[in-house]
Structures are given as structure tokens and as C-alpha cells.
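Participant: Using the sequences plus the hints, can you model the full thing?
There are 8 protein chains.
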Amino acid sequence: MTPSDLLAILSDVERGTMSPADAAARLATLPFEDLGHARVDHHRSLRTGLPEVIYAAGKTTEQTAAIFSSMVADGVDVLATRVDAPTAEVLMRAHPEAVHNSMGRTVSFRQTAVSGNGGGHIAVVCAGTSDLPVAEEAAVTAETFGARVTRLYDVGVAGLHRLLAVRSDLLTANAVIVCAGMEGALPSVVGGLVGVPVIAVPTSVGYGASFGGATALLGMLNSCSPNVTVVNIDNGFGAAYTAVLIARAAQSQKD
Amino acid sequence: MTPSDLLAILSDVERGTMSPADAAARLATLPFEDLGHARVDHHRSLRTGLPEVIYAAGKTTEQTAAIFSSMVADGVDVLATRVDAPTAEVLMRAHPEAVHNSMGRTVSFRQTAVSGNGGGHIAVVCAGTSDLPVAEEAAVTAETFGARVTRLYDVGVAGLHRLLAVRSDLLTANAVIVCAGMEGALPSVVGGLVGVPVIAVPTSVGYGASFGGATALLGMLNSCSPNVTVVNIDNGFGAAYTAVLIARAAQSQKD
Amino acid sequence: MTPSDLLAILSDVERGTMSPADAAARLATLPFEDLGHARVDHHRSLRTGLPEVIYAAGKTTEQTAAIFSSMVADGVDVLATRVDAPTAEVLMRAHPEAVHNSMGRTVSFRQTAVSGNGGGHIAVVCAGTSDLPVAEEAAVTAETFGARVTRLYDVGVAGLHRLLAVRSDLLTANAVIVCAGMEGALPSVVGGLVGVPVIAVPTSVGYGASFGGATALLGMLNSCSPNVTVVNIDNGFGAAYTAVLIARAAQSQKD
Amino acid sequence: MTPSDLLAILSDVERGTMSPADAAARLATLPFEDLGHARVDHHRSLRTGLPEVIYAAGKTTEQTAAIFSSMVADGVDVLATRVDAPTAEVLMRAHPEAVHNSMGRTVSFRQTAVSGNGGGHIAVVCAGTSDLPVAEEAAVTAETFGARVTRLYDVGVAGLHRLLAVRSDLLTANAVIVCAGMEGALPSVVGGLVGVPVIAVPTSVGYGASFGGATALLGMLNSCSPNVTVVNIDNGFGAAYTAVLIARAAQSQKD
Amino acid sequence: MTPSDLLAILSDVERGTMSPADAAARLATLPFEDLGHARVDHHRSLRTGLPEVIYAAGKTTEQTAAIFSSMVADGVDVLATRVDAPTAEVLMRAHPEAVHNSMGRTVSFRQTAVSGNGGGHIAVVCAGTSDLPVAEEAAVTAETFGARVTRLYDVGVAGLHRLLAVRSDLLTANAVIVCAGMEGALPSVVGGLVGVPVIAVPTSVGYGASFGGATALLGMLNSCSPNVTVVNIDNGFGAAYTAVLIARAAQSQKD
Amino acid sequence: MTPSDLLAILSDVERGTMSPADAAARLATLPFEDLGHARVDHHRSLRTGLPEVIYAAGKTTEQTAAIFSSMVADGVDVLATRVDAPTAEVLMRAHPEAVHNSMGRTVSFRQTAVSGNGGGHIAVVCAGTSDLPVAEEAAVTAETFGARVTRLYDVGVAGLHRLLAVRSDLLTANAVIVCAGMEGALPSVVGGLVGVPVIAVPTSVGYGASFGGATALLGMLNSCSPNVTVVNIDNGFGAAYTAVLIARAAQSQKD
Amino acid sequence: MTPSDLLAILSDVERGTMSPADAAARLATLPFEDLGHARVDHHRSLRTGLPEVIYAAGKTTEQTAAIFSSMVADGVDVLATRVDAPTAEVLMRAHPEAVHNSMGRTVSFRQTAVSGNGGGHIAVVCAGTSDLPVAEEAAVTAETFGARVTRLYDVGVAGLHRLLAVRSDLLTANAVIVCAGMEGALPSVVGGLVGVPVIAVPTSVGYGASFGGATALLGMLNSCSPNVTVVNIDNGFGAAYTAVLIARAAQSQKD
Amino acid sequence: MTPSDLLAILSDVERGTMSPADAAARLATLPFEDLGHARVDHHRSLRTGLPEVIYAAGKTTEQTAAIFSSMVADGVDVLATRVDAPTAEVLMRAHPEAVHNSMGRTVSFRQTAVSGNGGGHIAVVCAGTSDLPVAEEAAVTAETFGARVTRLYDVGVAGLHRLLAVRSDLLTANAVIVCAGMEGALPSVVGGLVGVPVIAVPTSVGYGASFGGATALLGMLNSCSPNVTVVNIDNGFGAAYTAVLIARAAQSQKD
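Residue numbers (this note's numbering), protein chains in the order written: chain A, 880 to 1134; chain B, 880 to 1134; chain C, 880 to 1134; chain D, 880 to 1134; chain E, 880 to 1134; chain F, 880 to 1134; chain G, 880 to 1134; chain H, 880 to 1134.
A hint or two may mislead.
[As the list claims (entries may be wrong)] Covered by chain H, per the in silico footprint, the following chain G stretches (three or more residues, Cβ under 8 angstroms): (1) 1071-1085; (2) 1104-1110.
[As the list claims (entries may be wrong)] Simulated crosslink set (DSBU-like; lysine-lysine; CA at most 35 angstroms straight-line): (3) C/938 with F/938; (4) C/938 with A/938; (5) E/938 with B/938; (6) G/938 with D/938; (7) D/938 with B/938; (8) A/938 with H/938; (9) F/938 with H/938; (10) G/938 with E/938.
In case anyone wonders, no lab produced these hints; they're calculated from the structure. For glycine and all other residues, C-beta sits at the position ideal for the given N, C-alpha and C.
Facilitator: This is the structure we're talking about:
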């Protein structure tokens, strides 16, 4: 049922060609969810202004390319994540003005103007080069969603001085994303240094008893810093999504 | 929004005191879910006619007794599961005509007439005396919901002759519930003997590598009999609920 | 021992050439299981009328093709599941009138007439495109077994409006199959909307802490909807098999 | 080393009684962390203004009481979590003006003035009565930290209408905490309804394959709603801590 | 169907009051398994001559005592395992001539004569005092079943000299039972020293990462000695049952 | 130290050229283990007469071929397990009289005469074609070690009649090896039918919640038949090794 | 065989009353392990000089007291670990000069003189009060074994300043023991600060996804600091044992 | 801030161009961690003299080669671990005087003189050829770090004589590294034979229930020998790193 369908019913009632009781019966069984669908989506996109996102893993190159082009044609900002190299090549050939981050496996296309610093400031922290794909997925997502991102890489807990050296950067962020594999200790340490929410992303980096990231995940869930929350293994996108929601609100606070 | 609220709006439209556009705006934002709520519940209870059920575990004796008495006062059939001994005593003192199954930890109170054999025929199978609490929870639930139940206990796979001896009972059931702990092999064997759905209930019976029923659960999920589906460990109630839905339909077929 | 062997013994008794005691001794040790085998199989196939099924995974192309052709020659309906592309090509070349569903990895060959709507109505629900192979395996299996199937895809719990929009389709099904990966929440939500058994199929879709479908599996086993039972990860065939048994009975009820 | 120690060294250099090289040597080995310690703590408490918190589990009643009274004497707001009944009785006897929430196992003592609505609005959602201890721990923590809390209990996914009925409350919150056991599906559904961060708290409610909350935890980590982050099982305090940080920023935005 | 039922049918055929075809039809559907039951049980008991066994865990004292006394009255050898102290006291009071092994939690009653050394020789090995309950359950079971048992306790792998000192005892056994907790390394070492089957019993002894015996179980399953097979955690009875079967055959060889 | 070294020392003592004290000192520190090594190995091979075995997995083709040829040159029986196709081809080219079992991945070379039926009779049972590689590894190992093997394949628990039909073969075996994947229920059923030890081999056959054979392994460890012991997943060789030890003893008993 | 037995044989050879061949035969089969036993034990105790240790868990009070008193009578140093309160009371009553550490659950009795600082310097680090029982078990063990112990408690990773403040103590230790529960991150951070071996002890402190210390254990095994090795959950004794071996050697280096 | 920066500030104070208060303010906020960093690193390298290490797994050949060459140019000793064959070829071509251990997957380049036997003596023990890659990684690491290494391979627990034959080598080592897969029993046995720390390295060798080394890991953590500590699966490098620290101290003791 479209809004015009609803208006048609109500006009029938107004004209007297449909009784209120009949109209009530029809409205009680109408597929109101379609109305709800449109409204909810509209409200959400109005409120968050977040771009459309395509999760390319498990889609063929053709499917991803078709969806990407269709969204670009709609004039909205577009972000594709988990894009493998061949698919990225196809997307970039079709949309040369898009941006491909091969480390983060993203292709993004910003079509709307970025307005000031409304997106806030997010720090993305990780310990080693192996965590970079996840960290970059988070960083690019946050940037595409309008946040300013400070990358603080190679600051593992076994060399505290490197982490302490970047503390001032950490202290100005509205939200901090920490990607770590192996023992996953970094979010606890970072959480103790800052006063904002820390989104911890376990990475599948490691071997043996790292169990594909499960150890890092468990460690982060047991963090002794109370400002740490956790997302799924390697889920840089999800961490950035929540961080963006937080950073916007926090940044607006200071405007 | 109640139906009368809806009618009031529509009457306003009919009378011309509210424009169709204004009414559309109000209806687009009404809490239609309340309407949906009433209808769904009504439809379900009309269709299934199943009694109200109280899961007593995690409730205080006072809470369980209050809910039980309130439902009895409504005139509906009532079933309380996972009722410990002290709570059962309280319920039975308040409602002497209720039925307490101490093995199955249930207290049931049937207030409506049971109509013929409409509930179908369910066989409840288990291997050993330790599985009896789960098997009885399933059996009493099925009976309270109107099914005829045949109990086939002590028929483990290590003594096939006992199982084969009751095959004729199995073959007349509309659905079979199989409760088993340890290796959980019984549902596969039963599934190979019958042509109806088998609902497998792993029980927490066993020690060591039975891991509280997890081994039986995993075994049942890997059953080589395609007519086996599985519920949670010790979930006799859930198995009976689905078996009742199946047996009703199947029994009606033969009426 | 064939039935004629049995008759021969009994005729000997009738003729007086074998005493009842000798016959009893022979019958007590006869390989009665062969009798039982034939009878059980016969009974089952008579009662269910289900096609022969070949599980192609773990078989060579040659093995699968030989079995398939042999069954086709018997004139029965045949369904092969988990058929990889090269094997499907071989099967289709040999039996051009067969049907290949590449998404569901099935090749089916219906040789008997489908009689009316006796197979009932099954809804197959899934959340995302990655669940499609499992959902299609279930759908094709159900169709090959004679059920009418409504496919309700792309209705995940994070966008309730899409699910609510198809509620009417759900409400007319005799059984519902729900395939879901990741958190496996969809069966609980669907279970709350319908009054028929819901067969939940966890899929191996996801990454990280989805642990190859184990998370979805565990979630479904803990469903708060009592009409949900569960099968193995990715077991679309098994879900359809049980759903068909349920839907037939339920449909017959209405005939 | 205190600031005056540092000044003393520098004065020695200024006076020429210590060479720059000697001072450099001393400063290179000074316990600068003590300086850092004081500063960091100071900064954090200035920035967040959060009360002191005592985790009473694993502490004796005497230890908890001593720490609590000491903090009260400092004039700051105090919150004790995981307080068992005997300890709560001791605390309440010593501080009759404190507030004991027996369901949430907290004792809180607010000594500073609450300033307007600066703490923002947090919705705490849960599915069943068994989740209440965790939900109340979260709610009381958030309230003690200055947030306005809306409790939305008994809104499980198997009865969507109840959840949809409270959607307007959800839509006005700055952050949503969702506590759920069993399959842990509620955060995904809530996440799809709102545009703010959702903090998911798995609870140890359930039996069998709920594995003490692990199933709910895994389900939440695999949520298909990108605005969901997760904390440890039963960690209502941690969820509230992060929610408070988010809600403050968001609320300030609107001031 | 009893044997006399079968004879009745056959007599009817002999008398001509039942046609062979009718008899064939009846026999094809008779519960022949009852016949099979009797025969199989008879064969097994004739072949093995093993005593009746009562697994007392999960039975009430009254149930265990009733079964025990009933078996004693039948004149057969009786063994009750997992007997707690109160139950043992009841059994011993009723049957003063029975033997109670409090360490192994068994009560045994041998009523038949032990014939020579036909039961063979079994060595029961364990590492520490904590493994004694399981080792004694195995030893008493083997003795009650007629085997000669050599107990070799306190011979852990961290002190090889103790194990090597008893090698001659090991070398004369027909089968060796090795009970070990913690890392479960003992069966591999023993397996390398002997040329007979080693039955490994993981015990639930240990703490932390022993996970209730799971670590010992896994270690034993990965034994590098090919003559090691494994039973469930703490299953001294099962190990002895198989060891007895082996030792009898081996011992007979030498007679 | 060789025996001649020992004799040399003792001769020195006899001749008086070495004092008993000096000899004691030397003997107390001699590498007696080398003596022990030789003796133990000698004793074992004399007692068991088992062929030499090469575990080819993890060895290069060259390594396996070199060891194989060296053993063949020694004139002993040789068995290589887990031999991949290329390695098998090399072995067979070098030793055309060897036997390659491609299903069981073995190459065996029997050089000694097989003496009568001294090896006993072993039944190898499995449920499906996917279990064949493991079953054949067991069967070939047992045959190479001198046992007579009866293969009973395709007798799964979902079709009991097939298993019951081969019961007579099972009843004459001295030991039974049962290979099963998925739910691993077959050993329990077989264990209930026979009176000899059953060696259960879980196979990695299955998908989803079979977890690479772990489910079958756990099921077998929880078998309700007390004559079942278990080896590692896919360890057909180990099962045969123990079965051979049992069958020899049992067979000798009947000679 | 005792040394005197060996000498007797050799004397017989010297006297000519036993031929070298006979002596060789006897020596080849003598229980030489007993010799080895004595020698090994002697060597070890001479080299390490470590006290005798009684693991009291799983022993009765009577058993522990008897062993303790027997060792005290031998004049050696004695340490009993995992001593519960009632047992400690009995031990202290019998040996008032012993030392009871109720937090660490130890009773120790030093009877030999402590010689200088030969035992080296060990730092025992932990994060919270809940880790104290394990940390104290380690500290008391190390002290009883002759090491100087510096206790550095309450220095968790969420408050780095506290850890950095004690760095100088860490830098002078010969070995560091780090006890931590929850996420187990502390050893990695400490490992990065020091240049000596760090023995990590996971503690069972925590709740929910700490899984009884498994999460801390896994985290420590994945430490990014290469000087970290790990012992079992709560195994303070084992950590101290190895730390003592390290510290002695290291300390001696500086003497 | 470099030391010269610090001196510049202090010189300004000395010259009177900066007040002590201003200098204090600058020093209180200076990135002192950089100072700390330099000092800690300096101290550690001075104390340990350990080479630089490159973990090549997860780095491209180009990255590894660039880092390697840069370190070589610095004149320090360099060790690259987990080097695959193509990368090793590139490194060796660029630095022909480097040493490639293909079994241990290392490339090492020693540029500094090795001074006497200061590195101590380390024994590296393993059971089978499959453990060799891990054992060699440990051995080469230890050698590159200056230790003398004795390799004791092929000494599994199923053939104790082989292990006992090398006991004298074990007894002279300052630290022992034991690599073992499957059941991981070897460290316990070795630990019982020696009086020095044993570093246990579980290897991912095995199949089925070895679960990629997890079983060996768990076994080692539960070792009954108190001188055993454990590192991650396949972490030969980490074991050698700690063993080197131990062996140096121990060896110096004897100088």
C-alpha cells in the first residue's frame, strides 16, 4: 500500500462511498509494514545521513558492480567493503572517480558535499602490520561516513612507549577503534588512557592458540576497562559504524 | 490505538471534520502494532487452542502461584513446567484438582473438555531411567495439549530387541519424541523405523565426555535419518509443543 | 529368506513333512531381517511416496551418474543433492529432461504425476543472498517431494518491515523452513508469527565468531519460540524432508 | 617525584649548582609515571565526572563496607555493584540515605547535585524476567551516572508486537542497552529499529545449549545490525558505562 | 510373541486350520524381535559368563537395593558401581557377605565358584592417589569378572624409574588398564613398554586447563602408541569390561 | 653398550683386572637403555610378529620410498599407511610385487609365510561409502598383520535390517572394528549385538556440526555398550593394531 | 637392586663363583631402574636443593598431616600447598613453628639455613585483589625455595601509571611471575618492560566469557612479548618452581 | 624528544633564558615516553645483546627483504623466521653470506663475533620428523642468539629407551626445549629427568582429535613436572628466546 492508496481509501470515506467501519476493516489488515518500511528507512537516512553500503563478500563481481552503479546513479554516497582485487578493478574502471583502498579492501564514492567537521574525530589504533586490513576497513568506513580519522598504527602493548607517545592524539578523539589480534590486550590499555568509548575489533591475526581471532575476542570481552565494547572478529566496518554514531554526537556537542 | 480510536478518526473523515490528508498523516504514524498485537494473538489462540504455559524455573514460588491462579480464574487450561517440589506443593494446595507429575516436574490443570481424539497420537521414547524427567515433561505436555501419548521407555540402542519389540506402537504414532543422553543414538535408529517426524531431545544424562548433554545434542544434529529434527538439551516441553502441532494435523487427516 | 522361502516352510508343515517344532526352530533363526527390510521399505515408500535421493557429496561423478541413471530406469522420481557443476553437466547430458538448480546444487527428475495439492504448502524463508544455496536445496527438495513452495527471501531481522510485509504468506503455510546464518535469530521471530512448526536451518554464512554456522545453530536451539526445531548446519534437504511430512498431513486435513 | 621535586632540580640548574648533564641524567630516570598518574586520573575525572564504583564480588563484606564509607566521606557519588544481600544490609545500616536495588544488586549513594538533563536518555530493554538482574544493574548504573533511563522489559522477539509497541520510546533514546539470554536475538531486532548505538549484554539466562550465556554472546557478536556492539556476559555495569558516555555527548548536542 | 505362540500358529498350519499363506502373513508381522531378544541375551550370557552389573549413580538407594537383592536371589554374581556411602551401608547391611570397596565405590557379591585362572591377568596402572577411585573401580570390576588383577599405582611419567621398576609386572599381563588425569601421558609410555592392548581411562583429576578430564582424554586419543584405545572419562568399569574380554581370550591361549 | 661390552667388563672382574667396586661404578652409569632398547624391541617383535609400519603422511615421497625399500631388503613384512597416489606409484614401480590399496591409501609387502589362521578373525563394519578409506586402512592393516577380515560395509543405524542381516558374520569375529562418521551411533548398536571387544573409529565424514569427526568421537566415548573402546578420528591403523592383538589371542584360544 | 646387591654379584664374579656370562644375564634383566631412580633423585636434590612439597588438594587432612610430620622429622624444608583452613589448623597445632599463609593457602616449614642471596630475586605481579591467592601461592613458594620476593600487586593494565611506577622493581628481578585473570593482558605489558623471563599464570578470576581462566590462558599463550611462557590456570606453585630455577642461576651469575 | 632536546632545555635554564617553572611545565608534558623508549631499548639490548628478529609470516617478500637488508646495513645480527622458500631465495641472493635453514624456515646473518660459551647450552628435543620445522626454528634461533645447541630428535615417549639413551646430553643443558605434537607427553617425561627449566612447544602435528596442536598444548599445561612452562603452538622462536635468557644466566654462573 502506497500513501496514495491510503489517501484513496480516506477519500472514499470522505465522499461517503466507503463507511468508516469498512475502512477500519481494510486498514486493520493492510500491509502497513510497507508504510513502516518507507518511513523507518527515511527517518534513519535523514537522521544519520550515512551512505549506502555494499558487503561484497559472497557476491559475484557482476552483482557488486550492478548494485554499485545503481547506487551511484541515485546520487548518494556509496561504500563497498570486502572487495577483492578483480572486483575492485571492475568498479574502478566503471567509476574512475571512486577511491580504492586495496589494504582495506574498500571502494568508496562520495557524491555529497562534506559539511565542516560535523562527523567528529575518530582514532583508529592497531598493533601490527597484520592488523592493517581491518584497521583500514574501519578507517575508510569512518572517513566515507564523514568523520576525521587519525591512524595510530604499530603501537602494541609490548612496547608501551610507542603507545604513550601518541596519547595526545588519543585524548582528542571522540571515539577510539582498536584493532588487535593475538592476545587482544590493546583495547584494555587504550581504554585506561582515554575517557571516550573504545570499540574493540579482534582480528584473525595470529597462529596456533589464537584460534582465528577467538582468543583476541575473548580477551576484549573480559577487558578490565569499562569503556570497551566489542564487535565480531575482523569487523572493521561495524566498529566504524558505531564509532561514527558516537563521534557525530560528541562532535556536535562542541560545535 | 484501539479499534474505537481508529473508527473515531474515520468518522471524522466521513463527517468532513478531518481531511483525508490529515487522517493519512495520523494513520501513518499510529502505533499500528497494537492492532497487530491483538489480531496475531487472537488468531494464534483460535488456531492452536493450546493451553497457557508457565515456565517456573527462575520464578519464585509466589510468582508462579500467582500466575497459575490467575490463569485458572480465566477458565483456560494451564500447564506449569520445571516446577520444584515446594512450589508444586503450594500449587496443589491451592488447586487440589490440578495434577502434579513429580517425575516430569509439571503441574497441569485441564478445565476445558477434551474433544475426541483430535490431538493425535504421540510416542515418547527414551533409553533409560535417567531420561525419565525429560520424557515425562514431554509426555505430560503433550497430554495437556490434547494428544494421546504412548510411553516407550527403557529401549536403548545397545539392546535392539527391546526397541524392535515396540515397533508396532511406533508405527501408529503421528509423531515420535525421542529423549536420549550419552551418545544420543536412539533418534537415528527410531527415525529409520518410522515414517513420521521424529523430534529428538538430548538429555543432560551422562558423565565425563557427555559434557552435560552436548554430545547427545551433536549426535542428534548429525543423524543419518532425514526425518529427525532437534530441540535444546532437556527441552521436553518444546519437543512436545511441535509434536502436538504435527500430530493434530496428521490425526485430522484420518478423521 | 524370501517370502517364497517362508511359504515353502509353511507348506512343508501343512503337508506334514516338517513338524511344527522343527519349523519353529528354523523360523527362530531365519534371517528375518531381510523380510523386515523389504516390508519396512515397502511400507515406508507406500506411506510417504517420497522420491529416491542421492547425496552426491563424497561420491565421484561416475558413481552419482550410475546411481541416477539406474533409478531413472526404475521409473521413480529421483533427486540428487549437493551436485557440483561438472557432475550436474554429466547428469543433464544423460537426462536432458531432468531439472538442474545450480543455486541449490540439485538435479531432479520427476517421472510420476503430481496429484493435486496433496503435498501441502511450505514457506522457505531466508535473510540474505548468502543463504540462498541452502534455501534452494530445501525448496527444490520440497517441490520434488510434491509440496507447493513459497520462497520468502531477503527478510532479515534487522529490517522487520520486510518480514512483516510477507506475513500473510507465512500464515497460510503448513510448515515453515527458515534458513539463517550469522546470529540465527530469524526462526525465533518467524516462530512468533505463525502457528505451525518451524524447521530452522543454520547456514555456514558469516565470518569470525560465526564459527562456520555453529553460532547460528546454538542460537536456534535456544529459540524462545516453542514451535522451532533444528537440523544440522546447511542441511536444507533434511529440513525439507521433515517439512514435507508435516505439510502432507496438514494439507490432507483440509481436503 | 612531585612537581616540587622537579622544580627543585630545575632551580638547582638555574642556580648553577647542578649541571644540565647531571639534571638530564636524573630526569631520564625519574619516576615520571607518578606525575603521569596524577595527571591522567585528574583529567579523566574532570572530563567524565563519573562516580567511583566498587565491584563487590570477590570482596568481603568488611572490605566493601570500608571502601564504601571511605568514598562517602570524600563527598563523591558512590556506586557498589554485585552486592549480595548481607553486604547490602550492612551498607544500608551504615548509610541509610543510600539506595539499595535488590534486583540489580546495587547500592548507590548520590551526594552531588544532578544538573538538568545533561546525562542524556538511555533505554534499557530486556526480554524476560530472568534478565532483570542484569537489566537493573545497567539501569541503576546509568541513573547513578546521571542519565535518564527508560525501562522496556518483557519485549522478546517471539512476540514482536510488544517490541513494536514501545518503538517510540526506543526512538528518543540516545543509546540503547539490550539484555538478552537464550538465543540473544533481541539486539539485532532493536538495532534495526533505531539509529543510535545499541550496547548488547548477553545474560547467563537459559539452560542446556545456552552454555551459560555463550550462545547469546556469540549471537550478538554476529548481529546483522551494524550499530550493535557487545560486552561480557551479565556485564550490565560495563554496558551502562559506555552508554552513559554516548548519551552525554548526544544529549549535549541538543542542548 | 512367545515360542508357544509360534508353535500354536505352526500347529494350526499342521492341522490345516490355517493356510500357509495366512501363517506367512502373520509371521511376517509378528514381533519376532522378542524371539531374537531371548536368543541374543542367552548367547551373550553363555559366551561371556559375566556378572550382572548395577550402575547406581542416578538411582535411589531403594532402587539400587531392590535390584541388588533381586539379583542376589537369582544366584548370580552381582556388581554395583558408583555406589555412594549411604547406599553401600544399606547394601552391606542386607548382604553382609558382600564386599564393599569404598575407594572404588563398588559393592560386589560373588556367588559362583571362580574356576582356576581362566579370567587372565590384568594390570591396573595409575599415576597418583587422586586416580585411585577410578583405578579401584576398574580393578574390582575385573576381579569380580574373574580376572587376576595386579595394581601398579603411583607410577607417573614425571618419575620414570618408578614405572620402569614395575615393568616385569606389566609384561606378564594380558591387558593393561591405565588411569591418568592431568596430561594423560601415562598410557603412551606404558603402551611403548608392553605388547598387549592398553585400555586408557582419562580421569577427571586436575584443575584449570584439565577441563574435568577432557585434556587427558584428548591426549590419550592422540597416543603415539598404537596399542592404546580409550574409554570415557572416569569410566573404570568400561575399561575393565573390555580388558576382561581380552584377558580371558589371551589367558585361554596359554592354558 | 653392547652385550659384548658388558661381557668384557665382567671378564675383567673375573680376571681380577677390574675390582668389583670399579665395575659397579661403571655399570651404574652405563647407557643401559641401549641394552634395554634392543631387548625390548626384540621381545616385542618376537611376541607380536607384527610387520614394520611406515606412516607416510608428513614424509616426502623420497623418504617413504627409501624407508620402504630398506625394510623390504631386511626381508620383513612392510606396511605403509596414508600413502598418497604419487608416492604409491613410486613404491609400486620399485616393488611390483607389493599391493596397493588405493581406497585405504596403503601399500603392503608381505615377505613371510602366513601360518594358518593364527591371526584370528576381525570384522570391519562401516555405514557408508564415505567411511571406506578409513575402513579399508583398518582392513588392510589387519590382513597384513595376519588376520582374516570380513568387510561389512553400508550397514548404518538408520536401516537396521541391513545390520541385522549380517549379524552372523559379526558373531563369529574375535574383534570388531566399527568406523562411523556423523553421529557415530553404529558402535553402540554393534556392541549390543556381539560379545567381543568393539574398537570404534570415528571418521571425519559429515558436515556442519560433525566438526570434522569430533561429534562421532564424542558419541562413541559415551557409548552405552560397555565393550566399546575408541581410537582417534580416522585412525583405522590404530584400531586394526589393537584388534589384531585381541584376535590373535582369541583365535589361539580355539586352536 | 641396591648397590650392595650389585657389588655382591660382581664379587661372585671376582671370586669365580659366578661366570661372566651368568652375571651378564642377571644384569641384563636386573631392575636397574631402581639404581637410576636413586641416582637421578640424588642428583636432582643435590643440584636444586629444593624443599619437599605436598600438594594437599585431594588429600585428607590426616594424610597431609602425616606426610608433613614425616618430612619435618627428616629435617628437610617442607612446603604444603592448597591447604584448606581446617588442615592448616591441624598442621599449625602440630608444628607451631611452621608458617601459615592463609591467603596463599600454604603451610611452610624451613629447617635449613638460608644462605645469603643465592636464591635470586623474583618479582610477583598481579592486577587485582582477586588474584591474590594465586600470587601468594607463588610468592610463598619462591620464598620457601630461597628466593627474595618483591610483591607488586594491584597494577592492572587499565591504569598503566601504577605499573610504570614500579618499573624499577621489575628491572632488578631475575625472573618475573605475572598472575592475571580476565583478559590476561598484564604479562605482555610486563614482558615488554623487562629483559628477563616472565612466567605468566592465568587465574580463574572473572565471570561470563572468562570461562574459568581459559580466556586469560589463551591470551597469555598469544603474548606478543617473546619472553613470556605460561603455566596452568591458578598454578602459582609451578610458576614459582621454574622462576626459582631461573633466578638462582641468574643470581649466581652476579655473585 | 631526544637527549639533546632535553639538554637544550636544561641549558636554557642554566643560561637563565628559561625559568625553572617554564621548564617544569614543558618537561611535565614532554613526550617522555620517547625518552623511556630509548632508554628501555638501550638497556635491554645492552643486557641481552640479542639480534634483531623479523617475523616474515604476513609480510611480502619485498617488505621482508627491505627490512633484512636495512638491518644488515646497521651491522647487527639479523634473524628472519617463518621465511617461505621464495623469500629465502631473494634474501640469500642479496646476502650470500647469510645462512638459510630450510627445515626451520629461517635466514640468519651473524655479523658480530661470538664470544666464548657465554650463551650457555640448550637442548632441543622432539619426538618425530614432523616436529622438525618447529624444533629447527628453535634451534637456529638459539644458535643465532649465541647459545650452543644439542639436537635430540626422534625420542618419543612410546620408545623410552631412545630418550633414556640421551639422558646425559639432557643433564648438561642449562635449559631444555621440548617440541611435541599429538598427545604432548614428552615435556613431562623430560621434565622428570632434568633439573633445569623445560620450555614446552606444542606442535600442530597430528590429525583428528589433535585439533591442530590444541591437545598437545593442553597436555603440556597440565604437566605433572613442575619445571615445565609452555608457549604457543609451533612457537619455536618464543621458546628459544626464553631458553636463551635462562641459559645465559646459568652458563655465566659457571664461568
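Participant: Quick one: which hint numbers does this structure break? Sort them smallest to largest.
Facilitator: none
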